[in-house]
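There are 2 protein chains.
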Amino acid sequence: MDVTGLAPAFREIVGADAVITDHQELRTYECDGLTSHAAVPGIVVLPTSADQVARIVRTCVAEGVPYVARGSGTGLSGGALPRADGVLIVTSRMRRVLGVDVANRIAVVEPGVVNLAVTRAASPSGYYYAPDPSSQQICSIGGNVAENSGGAHCLKYGFTVNHVLGLEIVTPQGELVRLGGPAVQYPGYDLVGAFVGSEGTLGIATEVTVRLLRAPEDVATLLAAFDSIDAAGACVSAIIAAGIIPAAIEMMDATAIAAVEAAVACGYPPGAAAVLIVEVDGPAAEVAAQLDQVRTLAAEAFDIRVAADDTERAAIWKGRKSAFAAIGHTSPSYIVQDGVVPRTALPAVLSRIETLSRDSGIAVANVFHAGDGNLHPLVMYDDKVAGETERAEEVSAAILDLCLSHGGSLTGEHGIGVDKSRYMPRMFSDADLDTMQLLRCAFDPGGLCNPGKVFPTPRLCGERPGHRKGVHPLAESGKAELL
Amino acid sequence: MDVTGLAPAFREIVGADAVITDHQELRTYECDGLTSHAAVPGIVVLPTSADQVARIVRTCVAEGVPYVARGSGTGLSGGALPRADGVLIVTSRMRRVLGVDVANRIAVVEPGVVNLAVTRAASPSGYYYAPDPSSQQICSIGGNVAENSGGAHCLKYGFTVNHVLGLEIVTPQGELVRLGGPAVQYPGYDLVGAFVGSEGTLGIATEVTVRLLRAPEDVATLLAAFDSIDAAGACVSAIIAAGIIPAAIEMMDATAIAAVEAAVACGYPPGAAAVLIVEVDGPAAEVAAQLDQVRTLAAEAFDIRVAADDTERAAIWKGRKSAFAAIGHTSPSYIVQDGVVPRTALPAVLSRIETLSRDSGIAVANVFHAGDGNLHPLVMYDDKVAGETERAEEVSAAILDLCLSHGGSLTGEHGIGVDKSRYMPRMFSDADLDTMQLLRCAFDPGGLCNPGKVFPTPRLCGERPGHRKGVHPLAESGKAELL
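Going down the list, the protein sequences come from chains A and B. Numbering follows the working numbering, with no gaps: position 362 of the first sequence is 362. So the number in the working numbering is just where the residue sits in the second sequence, counting from 1, plus 483.
In case anyone wonders, no lab produced these hints; they're calculated from the structure. For each residue, glycine too, the CB sits at the ideal point set by N, CA and C. All clues stand as given, with none of them false.
Have a look at the derived ranges for each label pair, beta carbon to beta carbon: (1) A/Pro-124 <-> B/Ala-767: 31 to 37 Å; (2) A/Gly-15 <-> B/Gln-776: 51 to 57 Å; (3) B/Ser-606 <-> A/Gln-137: 40 to 46 Å.
Build out the structure end to end from the sequences listed, making use of the hints.
Right under this line is the structure:
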């Protein structure tokens, strides 16, 4: 069907000014941050309340029309890629901070609220919202919930899932339910945990209760420059082994440093093969003690600088935060890869990435959250040179395989979306994927809620995993014999 | 059927010495820590490997026989209560610590491993496993996973769910799958989060990967005695408001103090209406600074003692740790209640509990994790006095209602099990419960995996929530109108 036929029903729910059917306007929504994938949505609806979202979803379910939720559209894995035959539900008009309760350290917000706006609402009381994706000035809390977003300071403070206490959601069937809440424990299943990071496939968050943290008394930021990546990697391991969990440990290699120096002249020490940014925060006494320890553990660095004030701190971070854009100035095109390895595997993996780059002639810059082993290799290529795009994609895929072969993960914080669903079978057995699919099918038997995301080849929901083709999944996965 | 008929099949899987059918021996397993509920299991099987667990479960599924998993049997909500018509799968022979990887801060253990054994395995390297239920010398990690166990130090360090990184489980259908793992992020649904705390209804954990923490450099323990419960409660709020998250803040009221003094003579300050135990840990510099702050914030206390060494620290904790047993010496019978309220509601809730106690003539001692609002009222009664048991149960239920009316929870750390399933509708709407039931039915369509636990009136799994009796769940919950 042509989903524009639903426009009158949607106008009744949200009003005429909140339904978009004009093709030029619809094109604004054709992709999220993964610009390599685009599809103009059939229709866009902009609700302002949970009830409206529930009614929109129930209309879609009744008509058998697929629908996709979108916040600010900053996601990097295509999780909010629309469907030409479907409805795009945009939460940008659900932007109220519903409450800040400092005594109980919580804030309640609508899903379209921008990440940094939560901190702005809490900061007069000395509190803040910890997860800090690089896009925090524009990305929405609803999108953060969908993708379980991370950020540089997640090393110490954890990901979005560690800061969402409760949710009101519209289920894929259009029911309005509450998951979790502000109390320290909720009985029954922890569906908050399962919902956060489900990339829009288990429903749409309409209200989010987040944990607030007290702003730390003190912060210290150190930049250390090393002669080799191995020495920088060894320093990361030494810091963690000493029992210190800094707020952030970021690493950049020579290729990345060269790019940011060319772009923003941040004044990193010349000749460094790698720099580390180490930030510690907390009570002033702890910060002073930990900064001393970190200095000692970074003894192999040929240059160490500690920010004397916020201006110097901002200068140190400027290079890191400009890195992706700087690579865009250096290289006509690049792929932002996102993979995870155990911290201890960092030296081996980085050395192997260097070999992959040399052998393929495709430059790779490394800019990453070293503390938790979350790599962001930037695979640089020129799409006007015949064959380079393909070679870059091969290198990018080989890096993911490398992460998996070291016991890591396909994604650290950008999600699977449409971008990596084809790789899921490299990380999970059929039985593992079938088990996840149980949950998806239970919530969304019609397969209408953000279809085509996360899972490689969704089977029909009626099909019991483990009983297709008469083969037991244990036999398939090779994990156990049949009884 | 008489499930002892399955004995030959089970003997083939686990060997003859691991199948129990003798009634006297079976009686050993008739209850867990909730001794008010008992049922002699039809048969007990003691597997030693994940494959054996999977084969046992597949046998049960093939025969349509219910089964229950049990670790050490220390749970307080009857989560491991057996079925007379079912199989009890006991994990006590799965006790291997499979690996300790200090560089990546993880340990991999079998489910029957005792909680404290994880710390013992890691402590030579200076690491430990944080969740510390009072039963940690005997309770098993598998049971901790099932119940999402807490402990005094969960205020700072979080519950079991915050420390389990990965699981190998046998699903209710008998499939062996992996959920999560040691990497910092796993794509797809966070089924680790949903499994932890599912009280044995989503399958049986056969391997658990836990996070290890570095043992803190320093610990300080302070005992503060107050003239009133309100003053002690205000001190708790002041500490948290100051941005300090102590490792533990425990409170005991006068009734509890009297009981422990009578039982173990721990020498708490005489005449206290309430005592607080505040423990701070971390880098020595931080501990010293925080201890000073806590002293200042506890200025209203009429007596403050700081433990000078481990012996004095043990003496302070002795009273707290002996409290439940001490009440057993004071009162012929008692109910251990477990509820949660927002920290800020503590004074109002404690005052109301006092009124409930006075009006009913049923004494209530309060011993609890004040920092996270997790109450453990001990409702004392004499079951030989006509009507007292009923009145005690009424007071106990009224306390739960009180917690809920303040936006709290039915349980902080003991779980729902069989004990509180009847209260679930007081906390959750039908739509909320139906949403949880979606997950249970997806995993366990036959309803054979720990049936009768957690949920009040499980409906048939074929029945779609929201479509029974033609009534939309939104209409039932009163949250939204029908479209």
